[in-house]
Amino acid sequence: MAWTDICAYEDLVENSGICALFNGCQVAVFLLQQQGRQELYAIGNYDPVGGANVLSRGIVGSVGEQIVVASPLYKQHFNLSTGQCLEQPEVVLPVYAVKLQHGRVWLHAQQQKQQASAA
Amino acid sequence: MQQTKHILVIGNGMVGHHFVEQLRAKDPQANITVLCGEVRLAYDRVHLSGYFSGTSAEQLALTTEEAYQAANIQYRLNCWVEQIDRDQQLVITRQGGQFYYDKLVLATGSYAFVPPIPGNEQPHCLVYRTLQDLDAIAQSAAQSKVGVVIGGGLLGLEAANALKQLGLQTHVVEFAPQLMAVQLDQAGGQMLSQKITELGVQVHTGKATQAIVAGAECRYQLQFADGESLETDLVLFSAGIRPYDQLARSCGLAVGDRGGIVVNDQCQTSDPHIYAIGECALWQQKIFGLVAPGYQMARVVVSQLTAGGLSFTGADMSTKLKLLGVEVGSIGDAHARTPGALSYVFTDPRAQVYKKMVVSKDGKRLLGAVLVGDTSNYDSLLQYALNDMLLPKQPEQLILPAASGAAVAALTLPNSATICSCHNVAKGDIVAAMDSGCCDLASIKSCTKASTGCGGCTALLKSVVDDELKSRGVEVKNHLCEHFAYSRQELLHLVQVGGIKTFAELLSRHGQGLGCDICKPTVGSILASSWNDYVLKKPHVGLQDTNDTFLANMQKDGSYSVVPRIAGGEITAEKLLVIGQVALDFNLYTKITGGQRIDLFGARLEQLPAIWQRLVDAGFETGHAYGKSLRTVKSCVGSTWCRYGVQDSVGQAIAIENRYKGLRAPHKIKMAVSGCTRECAEAQSKDIGIIATENGWNLYVCGNGGMRPRHADLFATDLDTDTLIRYIDRILMFYIKTADRLQRTSVWLEKLDGGLEYLRQVIIDDQLGIAQELENQMAALVNTYACEWQATLDDPQALKRFRQFVNSPQPDPNIVFVEERAQIRPATAEEKRRWQQQIPVTQLSTSELPATALVEEK
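As given, the protein sequences belong to chains A and B, one line each in that order.
Take the first sequence: its position 102, counted from the start at 1, is 102 in our numbering, and no numbers get skipped.
Take the second sequence: its position 430, counted from the start at 1, is 430 in our numbering, and no numbers get skipped.
One thing to keep in mind: the hints can contain errors.
Listed next, the stretches of chain A that the computed footprint assigns to chain B, with coverage defined by at least 3 CB atoms under 8 Å from CB atoms of chain B [claimed, not checked]:
| id | region |
| --- | --- |
| 1 | 7-20 |
| 2 | 84-91 |
Every beta carbon over 12 Å from chain A, so not counted as near; a handful from chain B, in silico [claimed, not checked]:
| id | residue |
| --- | --- |
| 3 | L60 |
| 4 | S311 |
| 5 | A336 |
| 6 | T347 |
| 7 | L494 |
| 8 | V497 |
| 9 | G498 |
| 10 | A504 |
| 11 | D557 |
| 12 | Q607 |
| 13 | G645 |
| 14 | R659 |
| 15 | A798 |
| 16 | P826 |
Simulated from the structure, these hints should not be mistaken for lab results.
We put the CB at the ideal spot given by N, CA and C, even for glycine.
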């Protein structure tokens, strides 16, 4: 499967998230820009604990070495690299590959990160 | 050097085990042998009913065979003693084993008393005492539906809990006219009955069981003396205990008329080589059926055997426990039997709380207490009783609600005060442990054993440790989170002194990591309180909770609610029509809030700007229902209309709401203005409450409703409007500068050193010389106020975020409404599932999602 153009770089919000419709799924895309680093992350937008499509509206940050988003509903933290919930490790969200190219943001369905759910 | 003596212990219950443990600790050389009648070593009998709610026998165990072996303690299990030969100092077991002793310790305990009721010997008539008994009960319960406990004392209610956990329809039958007649007075017993009945256990008091015969619907029928009867499948006797004293009897030791092995203050029996401890021992005609006195006796005998001088001086029988989930406490003279004793009683029939305090004739000493439904005062009261401490002038404060200020301060306790009665740990022992290097709760617990018995003293132990640490100048950490090693107040100082304007700057100068959902909103609030920037400005937007980001309140399904400001609750008919029309046009659910305004629910993210454009055009401003900021200033109609009003409360409320609207604070702030002393605006439950007087305004501060109600304190009286506003400016700014994250004013004041009096000194007397600065800072905030929704509507960049998808105009298909009472409500998960099964999700365009779709389907 190919990379899909989602939006312009300017549509992203620094140190926060937006939500994109990708292959019929809701994907939360986060731009982390702090102290010289710039990173993009993409995980499922659906919070299975709260039962609503809200994760793109959560606060991003770090817990120890893990980069996370906190659900705005009940504040569980989800690892942005693995999709795993810190408070309930059995809950794992889909993770997507995301890249920046020619000023556009691209998404790609990514399967290999699924192994995190088996851990 | 003395030759090693052989110490033989008969019985390995909680007390017998405690004795062995203590003796081994004091004398590593002692030659100890334990004869245990049960098939396993000592286990926790106090928490026995936990066996039916998942606690295993291993978890209940107080020790293991390996531990005894490692400690070089000889033991025999399932070993019953047949005879004691005192002349030869020899014990002979049922199996024929012989054990010589130099000193013999009887810790044989007690057995459950089964009243001599005809029919009591039938197979499903059981007792509740040992783990083996519990196995038998579980077996019987598996073939039963109804269970009865005969005996409504402490153990009987524990047993009833066990039956209830086994899923039986449970009854308690008590001969006395009330439950727990030993520990509680009549009114306390009644409250307990009521609560237990509501928990599904039927209570029958004043019932004498005369016979257990075959039942019609159940296995048995209990026949009572008053002619009534009760059908049941299982009968559990818990009508008291009797000391196991047959061995002592048969070898000629002195026993009491009604049983029990007579001991002196050294716990010695009539044979100086034989001791008795625990529930088998009778001291001054008394049997002690609690574990703490048994432990005390064990320590006395250890001391006798190791040349110490301890003696037994009786024991406090106060208890605090949870029976069937109901908190019950009893201290000292619960029945007020001391001549001249006076009783204070507090009853809350709604919360079903009963508290009684028995004090001496002169009102200076606490003699006893009864607590049912709420034992939070137990620790304080017990300390007053045990240490003979002088009561406060108004002792009733100790049991009245919200009397936290009157609770005994751990610092004022004498070193002799017993903190943990199970292990007899005094405050002095804890202080000594801290002197020797223990400085956290866990190490103090393992070092002193405090709070490792029944656990009832946990809270008291923590406050003793905390206070002691504080008095030693040890810093109790109040770091905000892992990213900032500072409290909220310290961060605010860093921001204001350093002129820091962004989170990134604060983090790089004073923090680490990337921040989180705790520090980001806190810093966002500090920045807003300090500089009053637009909260959705680029560097701040990622700091805000979603409610602040989208200037609305997220609901459970991800939709939002919208609350326009209606200052003072005053609104024109035209504006009411606008709200109604907006609700109709966007199909929103409307509800009147507790703060005298109107909440509109069910707005989708992408609808928020259009809704607000309509509201702003009609002259509304944001209501900040989403922010940690001023919410509402509630008012009554005041002197303008009301026959009783003495001032214009509505006008005052509107002026105050407009002054402080948008003010970001550590937590939300609510205010109210009442036009007379009838207090229709309920100002005394608000952070800032104002009540009109003939001469001006009375100012109340730091009240709270909600989860933890607090009556506001009267701060100043008969103020003119200028002074009133000045004081409020100063108080709010002082709160913003010094409170912790998410600390309401009520808790802030309670934690403020010096409390209300100190607050008056700062605000009224300007003792810190900061009043002018506080006023200036407030003035700066008031002057820079701007409606956040107006600012957002004017900012195309900010508006871009108000859509579900960055790459599609579709709404979120997961937000689905159904109709209820002629308005929308979120569909339940089940409703959504049913609906999605009918129509494949992928085929849906969002316009096919009418709010009424599900209604028609039903």
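Cross-check of the supplied hints:
1. Residue count for the region 7-20 of chain A with a Cβ under 8 Å from a Cβ of chain B: 9. That meets the three needed, and the coverage hint holds.
2. Coverage of the region 84-91 of chain A by chain B is violated in this model, with 0 residues showing a Cβ closer than 8 Å to a Cβ of that chain against a need of three.
3. L60(B), annotated as away from the interface, keeps every beta carbon of chain A farther than 12 Å; the closest lies near 30 Å.
4. In this structure S311(B) is separated from chain A by more than 12 Å, as the shortest Cβ-Cβ distance comes to about 54 Å.
5. For A336(B), the condition that its CB be more than 12 Å from all CB atoms of chain A holds, with the nearest at approximately 49 Å.
6. Under the 12 Å C-beta cut-off, the non-interface status given to T347(B) relative to chain A holds; the minimum distance is some 38 Å.
7. Against chain A, the non-interface label of L494(B) holds: every CB pair exceeds 12 Å, the least being about 18 Å.
8. No Cβ of chain A comes within 12 Å of the Cβ of V497(B); the nearest lies about 22 Å off, and the non-interface call holds.
9. Annotated as non-interface, G498(B) keeps its C-beta farther than 12 Å from every C-beta of chain A; the closest such distance is 17 Å.
10. For A504(B), the non-interface assignment is contradicted: its Cβ lies about 6 Å from the closest Cβ of chain A, within the 12 Å cut-off.
11. Residue placement check: D557(B) does not keep its beta carbon more than 12 Å from all beta carbons of chain A (closest about 5 Å).
12. Consistency note on Q607(B): stated as away from chain A, and its beta-carbon is indeed over 12 Å from all of that chain's, at 15 Å minimum.
13. For G645(B), the requirement that its beta carbon stay farther than 12 Å from each beta carbon of chain A is met, with the minimum near 43 Å.
14. Listed as a non-interface residue, R659(B) keeps its Cβ farther than 12 Å from every Cβ of chain A; the least gap is roughly 31 Å.
15. Non-interface status of A798(B) relative to chain A is broken: a Cβ of that chain comes within 12 Å, the nearest being about 10 Å off.
16. Not every beta carbon of chain A lies more than 12 Å from that of P826(B), the smallest distance being close to 9 Å; the non-interface claim is violated.
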